[in-house]
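J.: Based on the provided sequences and hints, a complete structural model is requested.
Chains as they are written, first to last, in UniProt numbering: chain A, 1 to 277; chain B, 1 to 325.
Source of the hints: derived by calculation from the structure; they are not laboratory data.
Below, a list of computed lysine to aspartate or glutamate pairs in the EDC-like style, where the Cα atoms sit at most 16 Å apart:
no., chain 1, residue 1, chain 2, residue 2
1, A, Lys64, A, Asp222
2, B, Lys65, B, Asp82
3, B, Lys165, A, Asp47
4, B, Lys77, B, Asp67
5, A, Lys4, B, Glu220
6, A, Lys64, A, Asp240
So the chains spell out like this:
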Amino acid sequence: MLHKSPAQRVALAVFGLVLAGFFLFPTYWMFTTALKTPAQILSPAYDLIPTTATLKNFVNAITKPDFATFITNSLVVTLGAVACALAAGLLAAVPLARLRFRGRKGFILLVLIAQLAPLEALLIPMYLIMRDADLLNSLWGLLLVYVAFTLPFTVWTLRGFVKGIPIELEEAAMVDGCGRWGVFTRVTLPLLGPGLVATSVFSFITAWNEFLYALVFMREKDKQTLPVWLSSFKTAFGTDWGGVMAASVIYAIPALIFFLLVQRKLVSGSTAGAVKG
Amino acid sequence: MTSTVDTARPAGTPPPAARPGARRRARRPLSETALPYLMLAPAVLLMLALLAWPALQVLAISFRKLDLGELVRGELKWVGFDNYTAILTDPEFWVIGLRTLMFTAVVVLTTLLLGLGIAVLMRHLSGWVRVVLQVCLVLAWATPIIATTTIFQWIFDQQYGILNKTLVLIGFDSFKGYSWFTSGTSTLAVIGLLVVWQAVPFIAFTLYAGLVNTPRDLYEAAAIDGASGWAAFRAVSWPSVRPLLTLVTFLSVLWDFKVFTQVWAIRQGGPDGQSTTLPVLLYLRGIAGSHFGVAAAVAVLMLVVLLAVTWRYMRLLIRSPETEL
Numbered sequence: 001m002l003h004k005s006p007a008q009r010v011a012l013a014v015f016g017l018v019l020a021g022f023f024l025f026p027t028y029w030m031f032t033t034a035l036k037t038p039a040q041i042l043s044p045a046y047d048l049i050p051t052t053a054t055l056k057n058f059v060n061a062i063t064k065p066d067f068a069t070f071i072t073n074s075l076v077v078t079l080g081a082v083a084c085a086l087a088a089g090l091l092a093a094v095p096l097a098r099l100r101f102r103g104r105k106g107f108i109l110l111v112l113i114a115q116l117a118p119l120e121a122l123l124i125p126m127y128l129i130m131r132d133a134d135l136l137n138s139l140w141g142l143l144l145v146y147v148a149f150t151l152p153f154t155v156w157t158l159r160g161f162v163k164g165i166p167i168e169l170e171e172a173a174m175v176d177g178c179g180r181w182g183v184f185t186r187v188t189l190p191l192l193g194p195g196l197v198a199t200s201v202f203s204f205i206t207a208w209n210e211f212l213y214a215l216v217f218m219r220e221k222d223k224q225t226l227p228v229w230l231s232s233f234k235t236a237f238g239t240d241w242g243g244v245m246a247a248s249v250i251y252a253i254p255a256l257i258f259f260l261l262v263q264r265k266l267v268s269g270s271t272a273g274a275v276k277g
Numbered sequence: 001m002t003s004t005v006d007t008a009r010p011a012g013t014p015p016p017a018a019r020p021g022a023r024r025r026a027r028r029p030l031s032e033t034a035l036p037y038l039m040l041a042p043a044v045l046l047m048l049a050l051l052a053w054p055a056l057q058v059l060a061i062s063f064r065k066l067d068l069g070e071l072v073r074g075e076l077k078w079v080g081f082d083n084y085t086a087i088l089t090d091p092e093f094w095v096i097g098l099r100t101l102m103f104t105a106v107v108v109l110t111t112l113l114l115g116l117g118i119a120v121l122m123r124h125l126s127g128w129v130r131v132v133l134q135v136c137l138v139l140a141w142a143t144p145i146i147a148t149t150t151i152f153q154w155i156f157d158q159q160y161g162i163l164n165k166t167l168v169l170i171g172f173d174s175f176k177g178y179s180w181f182t183s184g185t186s187t188l189a190v191i192g193l194l195v196v197w198q199a200v201p202f203i204a205f206t207l208y209a210g211l212v213n214t215p216r217d218l219y220e221a222a223a224i225d226g227a228s229g230w231a232a233f234r235a236v237s238w239p240s241v242r243p244l245l246t247l248v249t250f251l252s253v254l255w256d257f258k259v260f261t262q263v264w265a266i267r268q269g270g271p272d273g274q275s276t277t278l279p280v281l282l283y284l285r286g287i288a289g290s291h292f293g294v295a296a297a298v299a300v301l302m303l304v305v306l307l308a309v310t311w312r313y314m315r316l317l318i319r320s321p322e323t324e325l
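T.: Below, the structure written as structure tokens:
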């Protein structure tokens with residue numbers, strides 16, 4: 001299978017490009033629609049490839065009141081949740097993978113079962129907890145909720161990655177005079193790169209996408225996040241497709257930047273560590 | 001990473017992992033025993049407070065009558081299994097439950113086949129075509145759910161959607177002004193396509209990582225032995241992909257069974273509730289209908305179904321020697 005005839009190569013390449021087109025098309029269509037005027041969008045003409053472009057939809061979206069607040073809120077909550085989930089997850093993953101202690105299996109079971117729960121179902125008790133803790137309308141409250149949502153997956157996956165590091169490497173560093181902390185920062189942490197990327201992508205997507213809790217918990221306008229903002233483009237009079245698409249592009253850009261920053265490790269690592277039990 | 005560990009493990013990883021810990025514990029008892037608990041503390045506290053505690057409350061609420069009135073008055077009204085009998089004797093629940101399982105099965109199967117196919121294909125593609133395909137996959141993966149859902153609504157729009165326009169252009173005139181959302185099956189098909197489109201990149205990259213970790217000489221050895229195509233795949237690729245495939249199947253079942261945002265955003269479970277799935281039912285009864293007790297019971301039943309579906313794999317995970325030290 002490694003030695004292919006030219007015809008086979010061309011056939012495979014064509015097939016690959018068709019698939020690429022299938023996955024590219026919705027994104028492509030979002031970009032091109034965002035560049036159209038309302039008249040173009042509602043015209044019956046066939047317009048798969050646009051001939052003219054306007055930036056008016058983007059200008060409208062950005063100059064909407066509170067746009068800067070929404071995007072700041074989303075960034076703060078998402079990046080904060082990613083950082084906290086990574087820190088707490090890593091701290092828990094190391095002893096789960098390396099140390100023997102009472103209650104270890106129970107904790108692993110908790111982590112597994114936590115991933116089964118339908119999160120929409122927790123909305124009411126969560127609302128009451130947040131209300132009693134005075135964390136409604138607080139970015140901290142939403143951040144904590146997202147950390148809790150992503151922790152089980154993070155702990156579980158990172159634990160697999162830690163186990164994947166040959167213990168001999170850590171022992172060798174200890175023999176060479178490294179302390180616990182030195183072993184961790186000089187040996188374990190650098191080798192965990194792909195695992196940290198895989199789990200941070202997961203928490204980023206979860207927090208960046210989350211809509212229901214953001215909608216219910218953040219009733220004050222200056223505390224809302226981008227998904228809620230995006231839903232405001234649909235009015236009772238129908239959808240302003242150009243506006244929604246421009247807003248979607250803006251909404252997708254930070255996620256794209258994040259993915260591009262981590263992509264090299266992403267493609268090589270993904271969840272390779274998670275199968276290690 | 002997978003292959004290094006797989007080959008290293010039988011050589012005796014578990015014993016050295018266990019011994020140093022035991023040795024140190026004998027020397028420095030207190031700090032050693034406390035250390036793992038201290039490290040686990042932040043994660044445990046967060047998960048107990050914001051997952052386990054609300055989950056227990058949901059369980060308790062499922063045995064209560066809790067509508068808006070009781071919630072405002074802070075009233076405790078225990079009704080035993082009333083919520084459960086109400087749901088389980090409702091024929092609609094069984095229809096919706098079965099539909100959710102079917103939807104999950106079809107979506108998971110399609111995602112896995114497509115993801116595995118693409119992973120294998122990526123391995124055989126020449127440089128630049130593979131990069132193009134990977135970039136397109138990453139774009140699809142990174143586009144936020146609500147944005148994607150809106151794009152799909154726009155593509156499938158009755159009057160101005162590009163899909164109908166294209167179909168008319170190539171000669172299918174009956175698609176002029178065709179609505180894709182008049183029947184439950186067709187609505188669910190669109191939602192399914194949307195979910196598959198979003199889920200495939202993760203699956204493809206994960207499996208591709210497993211395939212890349214298979215040493216090339218294994219394929220060459222297989223080729224020398226006369227194994228080609230399917231036989232080579234089964235003998236060489238399959239063993240390294242299988243554990244990853246099991247894992248992503250497990251995760252896909254969890255995620256696709258609980259899909260809510262997309263189903264809700266596309267048609268709120270319509271037309272006439274024909275594309276309603278269990279998470280939508282939960283939302284309709286609970287948040288929209290303010291019958292929190294009934295919604296909690298639906299949630300508990302969903303958890304039971306998921307446990308039943310994934311039980312074998314969970315048990316495998318817990319019992320496997322991998323969870324031992």
